[in-house]
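Asker: Residue strings, one per chain:
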Amino acid sequence: MAKQHKNLVSFGIWTGIALLVAVPVVLATTSPYLGYRSMAYIIGGFAGIVALALFLLQPLLALGALPGVNKAHSRLWHRWVGASIVVAVLLHVGGLYITSPADTVDALLLVSPTAFSIYGVIAMWGVVITAVLVVCRRRLRLRFSTWQLVHNGLALVVVISTVIHAVMIQGAMEEVSKWVLCVAVLATTTGALALHWVVKPLSRRRRLDRKALSD
Amino acid sequence: MNRRRFLVAAGAAGLVLTQSPLALTLPAQAKGLAPTPTMRGGANNYRPNAPLVDRLGSGFWVTGTVRRAGDGAPLSGVRIQIWAATTIGGEREPRNHGSVLTAADGTFRLETEQIVPNFGEPHAHLAYDDGAFKTVFLRPVMPSARDTSVNADFVLAPA
Chain A
1 MAKQHKNLVS
11 FGIWTGIALL
21 VAVPVVLATT
31 SPYLGYRSMA
41 YIIGGFAGIV
51 ALALFLLQPL
61 LALGALPGVN
71 KAHSRLWHRW
81 VGASIVVAVL
91 LHVGGLYITS
101 PADTVDALLL
111 VSPTAFSIYG
121 VIAMWGVVIT
131 AVLVVCRRRL
141 RLRFSTWQLV
151 HNGLALVVVI
161 STVIHAVMIQ
171 GAMEEVSKWV
181 LCVAVLATTT
191 GALALHWVVK
201 PLSRRRRLDR
211 KALSD
Chain B
1 MNRRRFLVAA
11 GAAGLVLTQS
21 PLALTLPAQA
31 KGLAPTPTMR
41 GGANNYRPNA
51 PLVDRLGSGF
61 WVTGTVRRAG
71 DGAPLSGVRI
81 QIWAATTIGG
91 EREPRNHGSV
101 LTAADGTFRL
111 ETEQIVPNFG
121 EPHAHLAYDD
131 GAFKTVFLRP
141 VMPSARDTSV
151 NADFVLAPA
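Note that the protein sequences, when read in sequence, are chains A and B. Read in order, the letters of the first sequence correspond to residues 1 to 215 in my numbering. Read in order, the letters of the second sequence correspond to residues 1 to 159 in my numbering.
The hints are simulated quantities; they were obtained by calculation from the structure and are not laboratory data. Ideal Cβ positions, reconstructed from N, Cα and C, are used throughout, including at glycine. Hints may be right or wrong, so weigh each one.
[Stated by the list, open to error] So, partial list: chain B residues that the calculated Cβ filter (under 10 Å) puts toward chain A:
1) LYS31
2) ALA34
3) PRO35
4) MET39
5) ARG40
6) GLY41
7) GLY42
8) ASN45
9) GLY90
10) ARG92
11) ASN118
12) GLU121
13) PRO122
14) HIS123
15) ALA145
16) SER149
Just chain A, same shape as in the assembly (with noise of 0.2 Å):
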């Protein structure tokens, strides 16, 4: 019975990402736009679409969240996924390079008038160094915990940003699947943060205080 409940559960999970991820990339490719656009953009407007589906996986991976799949599993995929993301920040930019090389250029330089380039760009340049970082990893020698900081205050700050980026444009994206995955990637980021750096760490001391107690 317990057995049959945790697999339901884990069916409900697998099923919500793939729909929360699906929905919004599927409903993207009925807009009307895409026909008055070319290839090039259209390839750099679903790189954007898909950069964004794939920040609702990263943090479930970094925890090892994702029911059937173990630790080793998770952070294999993790790695994978941030490559994937790296690859679709170049398509997405690429892509808008080919279609209007001054519009990238304004936006590159922050000189755009739209400001949501900004919030596109500031999360362009968090992935590019997070993806440094992670290259450089071993070098840097850096303390577990000081790595850990690092890499996951890009993180918010690339998501945030990435979601400002999403609401303000428009696009080829229907508006409510849009949301609807906007608020999924800032829960599962923040949900994921929060319990790494709060909830987890007040249990453990809560663990410790207890475990002096009855010494």
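Given chain A's structure and the hints, the job is docking chain B onto it.
Answerer: Only chain B this time, still in chain A's reference frame:
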């Protein structure tokens, strides 16, 4: 200083205070209508010398006026170049570029295909770039992507 003289002096000072802002605005009013500044990103995807056209499509109107800085006199026969991302393609699509001349009252209008959001915002581009006045690039944003018109007004300063 007796009480009466103080009150008179205070009254005079008060009068000066209430009058002075007006006095400060007067020279600005004499200078008249200020020229429209170029907008950020206004010149993006500009293709100089867009051909004069009767229309670029149907269902959407780009409208505006062109006036002279200072006295605000309407300028007729001024060429305004217009481009935007529409349902027939992006901002670099040649069929989305065209010019119109202003009428005697300084107004201009050009019918185009429906403008669609481009780079996250539905907007048009307009340019005055013919030498007699200082070049101005405008980039008006539509409040809604469902709008079927967009307006942009030029106030031009002598070159």
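Asker: None of the hints should be skipped; say for each whether it holds.
Answerer: Okay, the hints, checked on the actual structure:
Restraint check, B:LYS31 versus chain A: the minimum CB separation of about 27 Å is more than 10 Å; hint violated. The interface hint given for B:ALA34 is violated, since its Cβ lies 20 Å from the closest Cβ of chain A, which is over the 10 Å cut-off. About 19 Å separates the beta-carbon of B:PRO35 from the nearest beta-carbon of chain A, more than 10 Å, and the hint is not met. A distance limit of 10 Å between C-beta atoms decides the matter here; for B:MET39 the minimum to chain A is near 7 Å, and the interface restraint holds.
Hint status for B:ARG40: holds, given a least beta-carbon distance of 4 Å to chain A, under 10 Å. Below 10 Å, beta-carbon pairs count as interface contacts, and B:GLY41 has one with chain A at about 4 Å; its hint therefore holds. Evaluation of the B:GLY42 hint against chain A yields a held restraint, the C-beta minimum of about 8 Å falling below 10 Å. Interface restraint check for B:ASN45: the shortest CB-CB distance to chain A comes to about 6 Å, inside 10 Å, so the restraint holds.
Because the beta carbon of B:GLY90 sits about 6 Å from the nearest beta carbon in chain A, less than 10 Å, this interface hint is met. With a cut of 10 Å, the hint placing B:ARG92 at the interface with chain A holds, because the nearest CB-to-CB distance is about 7 Å. Restraint check, B:ASN118 versus chain A: the minimum CB separation of about 8 Å is within 10 Å; hint holds. Given hint, B:GLU121 at the interface with chain A, holds; its Cβ is 6 Å from that chain's nearest Cβ, closer than 10 Å.
Because the beta carbon of B:PRO122 sits about 6 Å from the nearest beta carbon in chain A, less than 10 Å, this interface hint is met. Proximity of B:HIS123 to chain A holds as hinted, the smallest CB-CB distance being about 8 Å (cut-off 10 Å). A cut of 10 Å between beta carbons decides the hint on B:ALA145: the least distance to chain A is about 6 Å, and the hint holds. A hinted interface residue such as B:SER149 counts as satisfied when its beta carbon comes closer than 10 Å to some beta carbon of chain A; here the least separation is about 17 Å, so the hint is violated.
This entry does not satisfy hints 1, 2, 3, 16, going by the numbered hints stated previously.
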